[in-house]
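K.L.:
These are the residues of each chain, in order.
Number of protein chains: 4
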Amino acid sequence: MTIIGLDESNRSLILTDWLVINLCLMNLISQPHIRQRRKEARPAELTAAALELFVEKGFAGTRLDDVASRAGVSKGTLYLYFDSKEALFKAVIQEGIVPVLEEGSDLVDGHKGSASQLLRLMVEEWWPRIGDTHLAGLPKLMMSEARNFPELAIYYHDTVIVRGKNLIRAILKRGMVSGEFRPVDMETTIDVILAPLLMQAIWRYSLGACCGTRHDAKRYQRTHLDLVLYGLANPDQAPKGKTPK
Amino acid sequence: MTIIGLDESNRSLILTDWLVINLCLMNLISQPHIRQRRKEARPAELTAAALELFVEKGFAGTRLDDVASRAGVSKGTLYLYFDSKEALFKAVIQEGIVPVLEEGSDLVDGHKGSASQLLRLMVEEWWPRIGDTHLAGLPKLMMSEARNFPELAIYYHDTVIVRGKNLIRAILKRGMVSGEFRPVDMETTIDVILAPLLMQAIWRYSLGACCGTRHDAKRYQRTHLDLVLYGLANPDQAPKGKTPK
Amino acid sequence: MTIIGLDESNRSLILTDWLVINLCLMNLISQPHIRQRRKEARPAELTAAALELFVEKGFAGTRLDDVASRAGVSKGTLYLYFDSKEALFKAVIQEGIVPVLEEGSDLVDGHKGSASQLLRLMVEEWWPRIGDTHLAGLPKLMMSEARNFPELAIYYHDTVIVRGKNLIRAILKRGMVSGEFRPVDMETTIDVILAPLLMQAIWRYSLGACCGTRHDAKRYQRTHLDLVLYGLANPDQAPKGKTPK
Amino acid sequence: MTIIGLDESNRSLILTDWLVINLCLMNLISQPHIRQRRKEARPAELTAAALELFVEKGFAGTRLDDVASRAGVSKGTLYLYFDSKEALFKAVIQEGIVPVLEEGSDLVDGHKGSASQLLRLMVEEWWPRIGDTHLAGLPKLMMSEARNFPELAIYYHDTVIVRGKNLIRAILKRGMVSGEFRPVDMETTIDVILAPLLMQAIWRYSLGACCGTRHDAKRYQRTHLDLVLYGLANPDQAPKGKTPK
DNA sequence: CATGAATGAGTGTTCATTCAT
DNA sequence: AATGAATGAACACTCATTCAT
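Residue numbers (numbering that gives the first Met the number 0), protein chains in the order written: chain A, 0 to 244; chain B, 0 to 244; chain C, 0 to 244; chain D, 0 to 244.
Hints were generated in silico from the structure; no laboratory data involved. Misleading hints may appear alongside valid ones.
Note that identical chains are pooled: a pair holds if it fits in a single copy or bridges any two copies.
Below 16 Å or equal to it, Euclidean Cα-Cα: the simulated EDC-like pairs (lysine to aspartate or glutamate) are [said to hold, decoys possible]:
| hint | residue 1 | residue 2 |
| --- | --- | --- |
| 1 | Lys74 | Asp64 |
| 2 | Lys56 | Glu150 |
| 3 | Lys56 | Glu85 |
| 4 | Lys89 | Asp235 |
| 5 | Lys217 | Glu186 |
| 6 | Lys111 | Glu44 |
| 7 | Lys164 | Glu186 |
| 8 | Lys111 | Asp184 |
| 9 | Lys217 | Asp184 |
These numbers come from a predicted model, not from an experiment.
Whole structure, please, built from the sequences with the hints as guidance.
P.N.:
Quick look at the structure:
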């Protein structure tokens, strides 16, 4: 196709042109720029397709044929970019977790208001940036496959979980220092606060996809925040009878 | 059976006869019992083995050979009791969910004290009865495989999830009626309260099994309860400055 | 069951009786006469069941489970009488071919009338004695499995085919000697005469069992005989314009 | 395709260019052709191998491993072309029955001579075209497996048997109309005439393959024709004392 | 004798991986 | 770079055979 386009604009090719062409063809038809652009997009297209299928069927239940055809390429092509199914899996995980936590960190560092406001901000931002994204499939995928890929699980843990918890820890610490939050057991509180967020993501890609009584994400988060902020509120300081903000 | 019939029709046997008979028949009778017991125990042994492996590796990743050998039988034997891998999976799920929710329901109905105490009781009982059991693998398994077995997911949802939520709903309703809990959005609150429990179980059989910074279940639950009860406490009623019990 | 019947008629058993009984039981409950009779019938019941199934599904396609349950026994019992599936198959063949050819031979030897009449008699007797019997399944079975059991095929060939051909040969010879039949190539004629009989049997247990436009066996045989006798009739001798008898 | 498009738009290429191109591309083009040819030939190679083995061992007794290795490929390759063992079986049957009956029909329609000659021609042609071919295994295979594949048996019946009988019927009708043949029962006569042909094919792939006293096909057919034509000859018309031709 | 639970070798089928083009 | 035909190891499932009872 490419070649046809190329020669359609050169109806009077002479021998030298042909030699050039042949040289190109001998390189197994080297790809012009349009292809080039796609070529760079390929890995991302493949991991995107793979993410969806891994999340849906699990690692072992996913066929590379399906991944390839969902990405619009042949199965062989997949192996140009990934050495094995496992390598693809790892790429899916690693690609999925890179970007977001940086922003969270910036958010925390740059924030000027109260810890409550910051926590609210974090939770509210989590939904559009992760929870409502395909990225939200990652937690479910990682939970499902952790024991089949322990090293990867550790990597995920250290890169995502630990850093996510760091964000919450920073907020809690700030709130407790300022007296806005009552003193609580730090580490377990972090887990308890995060659990509903994670469960929401996991649910969405598991039971929620089957027997979904439509889930109102916004309401769920509002309730979550409400409960957590109430639960953290320092009774000695906060004005009584008022919802903590 | 034959033997039983035989002694029922001979009521005039005296002790010595029985000794003779018993000695003679011992190797005809006693071993069948062992066999019998084994035969009846087999399905449970197999589903137990299967549960462990399904939870660990996922459905597709589990080899029936492994299930069989973990149960101490050959692969063929497995097929005496289950028609297919899928049938085994379904049996694992169904067998796992039968027993516990009844007790929960009784607990709620029979409780005399405050809603807070009841909620505390529920959460505290959940751990030894489910969370600390192999049954706790079920949520993780179901989350992982829901989309591969949608009908089963619906069954699980209706049988376990819905009924579990009913328990919490009953408690919340009681507390809100009595004024012990402040008014909150019922349905989402239920989910938010349950999420940390479920996450704890899921975690235990996923990332927790790999990168477990030893998880202190008791402390986690104490914090969870603390946060929830604080968060639900009715500020108009509860004595200020005091941790809700 | 047997035992129950036995002790129901002896409500006042004393010790010695019990010793006798126990001795019997130690022999693993020796079988009374009713059983005995069945015991002798067992092999025949089993081969009968096996014949049907082998004919229907072929050797490899037949499950011993099915054979046993069609004969009303358990699979283990089958192995009390036959060492292996192959042994059962051989028994089926051997049992099926024993009886009939003797009679044919007697028929030929004792016959006084014309060769035509004898041939007609043979063909007509073939139907009720073999063709309309389960035995007619044997040719189909043997054809199907000959190459899987060459030695058995040779045995069958020598025992059935050769002897069957001998019968026809004797008749043809007699007819040719007497001038009733015109001279023909003996050996191939025998085959050509037998072929429709065999095909009829084979058909019945193969395509005829599926897409049977109801097959009128009598008419088929009449036509066969008619064609053969016409075809063999000696034009120099037979009264012209008259159907040969 | 690319290459073709390329040269279509370059009509001014001269011979030398083409030589260059051909040399360069030779290893890009010529080998695909070989592949292509193989790829298209594969199904036929596979069904050919399968036919042999199915005829020899029966459907259930044939291992796909053997089919594949007889065709010179691996077992997996077989599944690129056939969905299942059963699909392969059906392909074997369907592929085997397509071609020959058309010719027979043409033969009958175009024939000018006597019905006897036509019948002789049909029978004589049958041997080199079918009887002496691997196709002759089909009847044996179909007989053996009819009851395991009833729908296929019906298809075979309607496509092969019925049409084969139509050919004979047409000949008989012609001969009876012309007075060449005496009046006989049409339908059963067809069967009786065909039976020796079919038996010959079946025999060849069953007992004949084991205990073959070498079978003289030509002589067998001559006798068959001789007997049939004598048997059909109209005594009112045919010159007496003369073998019908 | 009779049973049927247990076995494990064998086979149909799938699918990750390779490689010639 | 891309394809897809080919491979073969792996696994679900079957069934002839054994054996404890």
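K.L.:
Now tell me if each hint is right for this structure.
P.N.:
Here is how each hint holds up against the structure:
{"no.": "1", "hint": "Lys74 with Asp64", "result": "within (5 Å within a copy, 19 Å between copies)"}
{"no.": "2", "hint": "Lys56 with Glu150", "result": "between (21 Å within a copy, 15 Å between copies)"}
{"no.": "3", "hint": "Lys56 with Glu85", "result": "both (15 Å within a copy, 15 Å between copies)"}
{"no.": "4", "hint": "Lys89 with Asp235", "result": "neither (49 Å within a copy, 53 Å between copies)"}
{"no.": "5", "hint": "Lys217 with Glu186", "result": "between (26 Å within a copy, 13 Å between copies)"}
{"no.": "6", "hint": "Lys111 with Glu44", "result": "neither (39 Å within a copy, 59 Å between copies)"}
{"no.": "7", "hint": "Lys164 with Glu186", "result": "within (9 Å within a copy, 27 Å between copies)"}
{"no.": "8", "hint": "Lys111 with Asp184", "result": "neither (25 Å within a copy, 30 Å between copies)"}
{"no.": "9", "hint": "Lys217 with Asp184", "result": "between (28 Å within a copy, 12 Å between copies)"}
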